[in-house]
Every structure is written in C-alpha cells, then in structure tokens.
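Q: One-letter residues, chain by chain:
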Amino acid sequence: MTENDWPLYEIFIRPRNGLAHRHVGSLHAPDPEMAIEMARDLYTRRGEGSSIWAVPSSAIAASSPDEKASLFEPAEDKDYRYPTHYKIPSDVKNM
Amino acid sequence: MYTQGLDGDIGPVREAETADEKALEARFQAKIDAEIRIEPDDWMPEGYRRTLIRQISQHAHSEIVGMLPEGNWVTRAPTLRRKAILLAKIQDEAGHGLYLYSACETLGVERAELVEQLLAGKAKYSSIFNYPTLSWADVGMIGWLVDGAAIMNQVPLQRCSYGPYARAMVRICKEESFHQRQGYEIVMTLAEGTPEQRRMVQESLDRWWWPALMMFGPPDSDSVHTAQSMKWKIKRVTNDELRQKFVDVTVPQAERLGLRIPDPELKWNPERGHYDFGPVPWEEFWRVIKGDGPCNRERLAQRRRAHEEGRWVREAALAHAEKRRLRSRAA
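Chains as they are written, first to last, in our numbering: chain A, 8 to 102; chain B, 9 to 339.
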C-alpha cells in the first residue's frame, strides 16, 4: 500500500439505538481503525450517529445489474404474498 | 410465528457484586426505563443476555418446526392457488426462523449450537406445533388462530428493549400480515360450503381452540420470571392479558361464520368489557411442553431427517466455493 492506494471502506451509521446501521457512503483509509475515525469526521459532524461500521468495499459481494430480471421478476406475479389479495368481509374486525 | 412466554431455566446467574457492576446495572436499567434500545455491543446483565438467548432461540425453533404441520398439506392442497399460497407461507416461516437465529447470534451464541440443541431435543419450541394437521380445514385454522395468536404476541415485541430482536419482529409482523387473512379465507370458504365442509371446519376448531389459547404460555400466576422480563422490557404484556385480548377479538370472528367455540363457559361479561372463558387444560399443556404431545417425537424425527438428508447440499455448496476459489486463483 502507498499513500495513493488506501483501500476503500463502505461506511454504515446507526442514527440511534433501536435503528439498524444504514449505508451512508464510502471513504479511503489506511486501516479499519482510521476508517472509523475518518468516518466520524466525514459523516457524523452533526450528531448523525451513535455507532459506525467500516467494511472493506472489497468484502462486499453485490448482485449484477444484468441479473436484475432473473433475481427479482419471480416475486412480481405473487400477489398472494400481500394481505390485500384476500377478500375478507369488511364487518370482520381485527383481521 | 411465535414465542410462548415460557420462563424456563436460564441457569445460575451471578449477581452484581462490586460497586462498578452495580453502577453498570443501574445505568442499564435507566436506559431501559428511558426507552433507549440495547444494542449488541452495549453492556448488559448476564441474566438479560441469557433470557434473550432462550426466548429468541425458542422463537426461531418454533418458526422452523412450524413449517412441518403445514408442509403436510402442500401436495394435497385443493387448488393450485391454495398450493402456491401455502408454499409462500411456509417459505416465510423459514425466513422468519433465519431472521431470529441472526438476532440471537448478536448475543454471542453460535447458530450451529442452537440448531444442535433443537435436534438433540434439548431446546423448547411452541407447544402448538406438536398437534397434527388431520384435515385441510386445519391449514385454515392454523392461519386464523395460530398466526392470529402469534401476531397478537409479536406486535408488542416490536418494542422489545433489545434492538436486533425488535427489528426482526418489525419485519416478521409485516410479512405475517397475509398469513392470518389467508387462513380466515379458507375457514370462511369451508364455513359457507357444503354441510360436510361445515362439519370439517367445526371439528377442526374444536381441536385447535384450546391449544391456541395455550400459545400465550402459562398463567401469570405460574410465570415466576414475568416481573423481571417486564422490568427489562423484553416482555411488554403478560400472558393472561394477551390471552384475554385474543379471545375478545376471535369470538366475534367465529360468530360471523356461524362457528361454535368449544367452551360452554364462554360468555360476554358487560361489567368487565371482556369475554369470560373456561379453564385452559394446563395439564395437557405441561404434558406437551415436556415432550409427550401427539406429535413431539414425529416433529423432531422429521427435523433430524431433513437435517441429515440436506447434508449433501451443504457439502456440495462448500465444494463449489472451493472450486471457484481455486479457479480464480489460477486465472
């Protein structure tokens, strides 16, 4: 590693306890500890977070845009996965 | 699908001794009281951690075992639509089990260990899944009553003090919203059908009513750890409160279809603003929990067989990953 090829880290911030960490962006850092320190300065200057995760971008496996149809289309014709698919008379309560 | 409000033994828990530990415990309770969620890296008392591991793992096991009674009817569903719906529902239950095992792992326990406990017969899961599905009406009854009871139980768990569990419950409740409606739709179709279909659905309700009421767990008077769980906000509503609420909303739904609840003591009490109902057969409940229900042995045997018969799939996946690793290294 030289000063020009620090690895890329994806940064996830938990806004407050009770919520999941959410992806906010990425940054380059020499190691994971410094990635967290830099993320603190870059992404939480206004109290946006209570916890930071830094994950090497190279560790993320992503689906390919070319596979979008084969991955997600099968869910499109399964209307019966939604509660509105079922016809229940309106006078039946708490359903 | 559900956690039974079973207290169970979590083993000896060391009490806070030093001033430091007592201060940590006080700070922890102050966070709970202020409705601040506890996250995996936060300090927590050992008893809190173990109570959650027990409850979340029992909940996860219940989702997994819960697939079996429904799976019994996949090949015999009356129409293609019903079959697709049943498959989608069973698929959801598998997903819910996996969300919950993940939430449990954040407490520092290995998933493989939890699965091993289930297969070894050392872990508990909901008593309801030890009853057989004898007719197609039972599939409807599970959706209406069992998922209905599960939803009632799980809605307050979305506000559980432990973040990962609460978040898993939000997702589960959202997905589960179709389960109860599809069940009621099946029950309604049969109730409005031929005399034979009506008999079938009434017979099914007669078998499932009391086991469904047992899903909320033992009476509050027998739940020695309820007070602690409520203080920690792992539990928000007591077993008896949930059971009463379930009876109150379910009775009118049965009446709407002309179905009879198998409880001669069931009666609206205008003073309380609730239904009074007869005594739940708790002896049966304890017998089923302790392993002697109608299907306990069958369920575990089926689960073990599925685990063994799936071994080659896990091995093949590993071999495939290894092959790809070697190929990319060669390239």
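Rather than coming from a laboratory, the hints here were simulated on the basis of the structure.
Some hints could be false.
To be verified - Covered stretches of chain B (in silico footprint by chain A; criterion: 3 or more residues with CB under 8 angstroms from a CB of chain A, positions within the stretch not fixed):
hint	stretch
1	166-180
2	188-201
3	283-290
Built from N, CA and C at the ideal position, the CB exists for glycine as well.
Q: All hints, please: hold or fail.
A: Here is how each hint holds up against the structure:
1. 166-180: holds (count 3)
2. 188-201: holds (count 6)
3. 283-290: violated (count 0)
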